[in-house]
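Novice: Please put together the full structure from these sequences, using the hints given.
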Amino acid sequence: MSKRVVIADDADFHRTVLKDILTKGGFDVVAEAANGEEAVSRARALRPDIVILDIVMPLMNGIEAAREIRLLEPPVKIIMCTSLGYEPIVEEALKSGACAYIVKPLSEKKVLAVLDGLKD
Amino acid sequence: MDTSKYKALYLQETNTHLSGIEAGLLDLEKGSLSEVDNLFRHYHSIKGMSASMGYEPLKVLSHAEEDLLDRIRSKSLAPAPEIITTLFECLDTLKALVRLVEEDKPLDLDVSPLISRVRALSEGKQTPVPAQAPHETPVSAQAQAAPAGAELRISNVMKVEGRVFDELLTTVGDLFMALSSFKELSQRSRSIELKDGVHLLGKSVNALHKNILSARMLPIRDLTESLPRVVRDISGKAGKDVGLKIEGTEISLDRSILEDLGSPLVHIIRNAVDHGIETPSVRESAGKPRAGTITLSAYARRDRAVIEISDDGRGIDPEKIKMKAVEKGADPRKVAAMTRKESLMLVCLPGLTSAETVTETSGRGVGMDIVKAVVEGLGGALEIESEPGKGTTIRMELPRTTSIVKTLLVTAGSEQFLFPITKIERVIELSGEAPASIEYAGCKVPVVDLALLIGLSVSVPARSSTIVIVEREQEGPERGFVGFMVDDFGVELDAYIKPLLPPMSRLWGVAGITIMGDGRPVFLLDIPQILSRAANRLSS
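Protein chains in written order, with the working numbering: chain A, 15 to 134; chain B, 52 to 591.
Worth flagging that the hints you see were computed from the coordinates, not collected in a lab. Be aware that one or more of the hints could be misleading.
[Claimed, not checked] Heads up, incomplete: computed chain B residues facing chain A, CB under 8 Å, no partners named: (1) R92; (2) D311; (3) I475; (4) R477; (5) G560; (6) V561.
[As the list claims (entries may be wrong)] Using 30 Å as the maximum straight-line C-alpha spacing, the simulated DSS-like pairs for lysine-lysine come out as follows: (7) B/K56 - B/K110; (8) B/K288 - B/K339; (9) B/K58 - B/K146; (10) B/K254 - A/K123; (11) B/K126 - B/K176; (12) A/K123 - B/K176; (13) B/K56 - A/K33; (14) B/K234 - A/K123; (15) A/K123 - A/K33; (16) A/K33 - B/K156; (17) B/K110 - A/K124; (18) B/K110 - A/K33; (19) A/K123 - B/K339; (20) B/K234 - B/K549; (21) B/K56 - A/K17.
All of these numbers come straight from a predicted model, not from anything done at the bench. The beta carbon of each residue, even a glycine, is placed where N, CA and C say it ideally should be.
Specialist: Written out as structure tokens, the structure reads:
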């Protein structure tokens, strides 16, 4: 069965690009969220295998969202999505429960390489 | 990666951010730092999207600006006038660049002089702002020059009758239903062309829907503009001195929702003036300022809008309300068992009033039944808080847009239902039959069989069960939940919900209906109703 993914990014643009890449790569994007709060509630309700979180988002940022999502049972894999210039924050993100990260700009190769690298 | 198909979306979002930057800079110029976080995010988003699209000049310029804003945000740099002037200049250049993208022209503007100025400012260096007219700034003349006759251009803003948008929205609703049949078909099909086509069609229908919804949005301000006058007139008649404070009215709501809120708002304000706020002499002897204050504040809570109307008047005495309710024929045992919150809600019973004198314009309670009905009819919720002697707050939580609801499809018994996603706390799958209660978030959560609760015949005992946990409102700081046992759940669904018309609207437990891809109608559950029946079952 294909893996279920929730994607969170405040830009519809990035969500759309990401969703297209993931769908093409055989993943099932079960929900999109436009801020951290939405990401947490979707992750709770839909129990995806993977959540991809943008860091800079309104209401609740990706790091705060990751801290909430990592508490869920069964565990959800968290991937952070950062922009260039934000590499230093990646460490904080990994501490907050993320297991991998993608640096924007998004490309099919980059995204699928990170997702395929996830251990089950 | 072929990025061209994302261009329209890029332009749409970037333009929103550019307007946001303009408003944010004007704010910053006035000395306010409240919008700095948003301002920062606008630059950040433009940078990220431009990078993905490969628009280098846009990326590097917005990146430099993002760094500058980050320094202002962290208060290591003050927004000096030369910084704001430079940011405005950069904004014009960003706009010019976006226009070039829109026109499919090469992005051949030299942004390096601007970038070095922005960087110097970030480092705290003073840079003289070149004393040039805008058309002499290092931006190509082609992108900046306004065509002759620009003074006489027709405005970009059009007046359109509201009815046109109502019709457009209905059409999009029909499109959504047609689309779901295609989606269903494409899922079963092996044809890539069909899948791609349906995917594209879905995107366009979504974009269309989004645009129509945003065109229908109006700020609450449009409704509250005439309230100061209303308060002035009513308080004059009642011989009271009342001031009105209005906050947060830039938040916008769908026109149809806003329209329906007019008379409830006036009812609430009238009640507050007539029965909440005391006369100046009574206030004075209670140690309050002679003039009473009514505060209307609006804010967003997730995807919903909250409008709060508070007064600093005498408040509502729950005991008095209870007595009145019993006098009017309510069951005394039920009334006695009511919580504080529940007894305050008694003011929404038709014909109930706690004021000793009924005035010309209102009695506390007159109209509150109508207010509650209107708010709930819009898919919202009404809450009352009051403290005797201190005042009353009436809170209306409302959806901001109509019709499309994010839902989870569940199967219970032989039927399918939709749960509004915003009401779901968590979904849990267990092996074996569902227990009578489960542990969640440190609480004991009772589990109720949804099919039994609705009155459906129950299917054979399942080998695994799914429990949808919903939060229930209760007194005190502790949270309470109810788990609904269902047979199965599907994915998140954007459902176009049609309201139920009489006699269907009298059906218990359902709030709307949608037509699925295969033509089957599915009901949207009315969570407050379901919760209250569940609570009754559990207590009996």
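Novice: So which hints don't hold here, by number, going up?
Specialist: Hints 2, 5, 6, 12, 19 are the ones this structure does not satisfy, whereas the remaining hints hold.
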